[in-house]
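Student: Residues per chain, in single letters:
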Amino acid sequence: MTDAQIAAIGAYTPRLRIVAEEFEDAWGSFDAAGVEQKAVPEADEDALTMGAEAAERALDVAGYSGADVCHLAFATTSPPMAEEDLTARLANVLGVPDSVTTRTMTGSTRAGTQALDAALDAGPWGDKIGLVIVSDCPKGAPDSDVEHAAGAGSAALVVDGDGPGTVLDRTSHVDTYPGTRFRTGGDDRTTGLGVTQYDREAFTATLGGAVDALDDSLEAVDAAAVQSPDGKLPYRATAALGVDAETIAAAETVSSLGDTGAASVFIGAATAFIEGAERLLLAAYGSGAGANAMLLEGTVPVESALDGETELSYAEYLRRRGEITSDEPEGGGAYVSVPSWRRTIDQRHRLVAGRCSACGALNFPPDGACQQCTERSVTFEPVELPGTGTVEAVTTIAQGGAPPEFVEQQSKSGPFVSAVVALDGPEGTETVSVASQVLNGDRKVDIGTAVDATVRRIYSQEGVIRYGFKMQVSETRR
Amino acid sequence: MRDAYIIGAGQTPFGAMPDESYRSLFTSAVAAAVSSVPNGIDDDEIDEAVVGSLGVGGRQLGLSGPAATEHAGLHGIPSSRIENACAASGYAVRQAVQAVKSGMADVAIGGGVESMTDMSSDVTKYWLGVSGETEWERLTGTTFSGVYAQMASAYMDRYDATTEHLSMVAVKNHANGAKNPKAHLGFECSLEDAVNAPVVADPLNLYHCCPTSDGGAAVLVASEDVVDQYTDDPIRVAGVGAASERVGLFQRDTYTAIPSSESAAKSAYSQAGIDPDDLDFAEVHDCFAIAELLAYEDLGFCDRGNAPSMLADGKTELDGEIPVNASGGLKSKGHPIGATGAGQVTEAFKQLSGKAGERQVEDATLGLTHNVGGSGGGAVVHVLEREVAR
Chain A
1 MTDAQIAAIG AYTPRLRIVA EEFEDAWGSF DAAGVEQKAV PEADEDALTM GAEAAERALD
61 VAGYSGADVC HLAFATTSPP MAEEDLTARL ANVLGVPDSV TTRTMTGSTR AGTQALDAAL
121 DAGPWGDKIG LVIVSDCPKG APDSDVEHAA GAGSAALVVD GDGPGTVLDR TSHVDTYPGT
181 RFRTGGDDRT TGLGVTQYDR EAFTATLGGA VDALDDSLEA VDAAAVQSPD GKLPYRATAA
241 LGVDAETIAA AETVSSLGDT GAASVFIGAA TAFIEGAERL LLAAYGSGAG ANAMLLEGTV
301 PVESALDGET ELSYAEYLRR RGEITSDEPE GGGAYVSVPS WRRTIDQRHR LVAGRCSACG
361 ALNFPPDGAC QQCTERSVTF EPVELPGTGT VEAVTTIAQG GAPPEFVEQQ SKSGPFVSAV
421 VALDGPEGTE TVSVASQVLN GDRKVDIGTA VDATVRRIYS QEGVIRYGFK MQVSETRR
Chain B
1 MRDAYIIGAG QTPFGAMPDE SYRSLFTSAV AAAVSSVPNG IDDDEIDEAV VGSLGVGGRQ
61 LGLSGPAATE HAGLHGIPSS RIENACAASG YAVRQAVQAV KSGMADVAIG GGVESMTDMS
121 SDVTKYWLGV SGETEWERLT GTTFSGVYAQ MASAYMDRYD ATTEHLSMVA VKNHANGAKN
181 PKAHLGFECS LEDAVNAPVV ADPLNLYHCC PTSDGGAAVL VASEDVVDQY TDDPIRVAGV
241 GAASERVGLF QRDTYTAIPS SESAAKSAYS QAGIDPDDLD FAEVHDCFAI AELLAYEDLG
301 FCDRGNAPSM LADGKTELDG EIPVNASGGL KSKGHPIGAT GAGQVTEAFK QLSGKAGERQ
361 VEDATLGLTH NVGGSGGGAV VHVLEREVAR
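Residue numbers (this note's numbering), protein chains in the order written: chain A, 1 to 478; chain B, 1 to 390.
Bound conformation, chain A alone (with noise of 0.2 Å):
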């Protein structure tokens, strides 16, 4: 039998970055060692949509579609709903047959770890192929050291037989230590008691005894990505890894993006395969305590977007974070049941038109009478749309002025683009107008700017995220 293998990494952060310096201004002091500057999630974004920015890329880097994915796992400490099986949402995201087997895990920054191992376990699958999405935007009290460093990032990780990267070997290690970094049911906020040495301890013997039941010799390792709630800790495990500051500085995120939770030690192997590295060692570390070490070697492809683009004040980071801002008003908004916007889901999440079976025109959405020849007995043949398109009419929407159900968005991230967008058929000259946000990354849209589609938090409604498709200016792209 043939060992499951790495075939691709795709990874990403928000475009948001906030410095430390911000923080100093504020609070006089930055709690939050080695990170100079850190990645803020924006308002539509969370988990479950970086995690499909990263698998995107895993996907297309690695040369496979979602239809290719039989086994999908999504690793989280931040899942943006705490009971619901996100992955079906993923899934539907990225075009995953509803055969998939799925597996969520979270409860420690190790969740990320803990599924590829579950995924090296259960693979290979013949031609199809297993998806890790590891996703985490973390967040504590705004004078806290959890929250000075809370960053934002994703990783995928495409699993298949043939890949270029092999685990060596890989190991688990736990040993109790309760207190360290903890988040109490019905809280959105990471805390810790702060017992400096304790949680040093902690830290060192857990990854320690991990690292210290690997077979293979760490000699050789090109370079370490270790668990960076900080940009201090991880050197100073460097005794109980067996490797030097120099291999984990070689895999270090934490000082640009902050703490990326589980996707930590995943970002940081997506930038050493980017700097060439050829043999890598992982070492995951999860409060309770508990960790992972593994052991990879090849030269594995990566497809990432993890520059910054737009410096925030401390005072936008914090209606970023919701700690100054306005929920949904009283009154309500819009009013779309969920049973309603599932039967449009496809729609929403991968911009499925319909072809008219009377006159082949295209329709967005495919519902009711044909747009074209209005012809009311048709049935619509679904096309999946590339996501390319053009703006043809377009708006900002000024501060305040947003409805009910946008006032959350507005609140957090300011005045936004409205827009009649023109998209792309599968080929040709045929378009199919839809109407859509424009994320425009400060950039000014006319009629004319070419868009592409992500997907991205719509709203919430009676405590149920809606996830759907936006457009981006595509200059904006990473």
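Please keep in mind that the hints were generated in silico from the structure rather than gathered at the bench. Model, not experiment: these values are computed from the prediction. This list has only true hints and no planted wrong ones.
Stretches of chain A that chain B covers, calculated by requiring three or more beta carbons in the stretch to come under 8 Å of a beta carbon on chain B:
(1) 384-394
(2) 399-409
(3) 432-443
Note that beta-carbon positions come from the ideal geometry of N, C-alpha and C, so glycine has one too.
Following the hints, complete the assembly by docking chain B onto the known chain A.
Tutor: Showing chain B alone in chain A's frame:
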């Protein structure tokens, strides 16, 4: 079918009237319409009522027609509410005309009412978006102004139009509204004010948007068989046209025209046997400045792309070739959603009766009213004619 005539029409002032209810506003409008009938009319001569309302704020969403008419003393007659967003009472007047023309009523009242200013800003935000396409368009965070702003962006991209042209609509309509004692915002504004106002939804600023108002309006329609009892100066409903269009802008064939307006106007003209050139004045649906420019073209006052120059040349001013919105329009007179269409017909009735005071259009014989629902999902056009020699 027999002819229908407007024998009376009246409205409340439009504005913010926290002491009035939707029912008291409707009652005042009915009273104003009844007292405007030249030879008088008794309430029991009214056979049917149609009340236009979007129902902003919720209030009496079910049976709001009977609830309004019972308060107005129109007890026992068939009464129903018609909802077609901002075109609700344009359609209510059309329904009254249909009732009369069909022979089911000799006299019918078509009116409308809306209370919009007594709600919290949160509740107002909710209600102002309910006429946009809900499942797709509204879920991009657009508002009513946002969709018109999208049309403006496409229009300004395609034709020679600037934000200054949009602001000139406000200047003209405020100049007219300043002469209308019933206007909500009855003050003049300078082009500078109207250019430099805060942006609402780019490219539309505050002066490119109408206010939200309270108000009621009612129109009495009588058949040719009974019209002579009520007036010696009959005003004939020469043509009525109405049409619908896709509710979401993104599903339309054009963003630089409102096809329902165009087709409603065509049917009204053909019924009346007139050309747009024959009109002496028009009350058009200027909920946003771009809407007035589109109306010039949709209603055939000028060719596509020429509305800005038509406006800039003064052709639609009170003393121009075809005065548009002598009342002040939605921009200055106000926009109590369900009352707007009947309010336009009330203005036309006043103009054709020579009772429009300071804003009277000279020798007004043939006038048009144009009422649009939402961003154009529905439109209704009336052509009204003063019968000079009968």
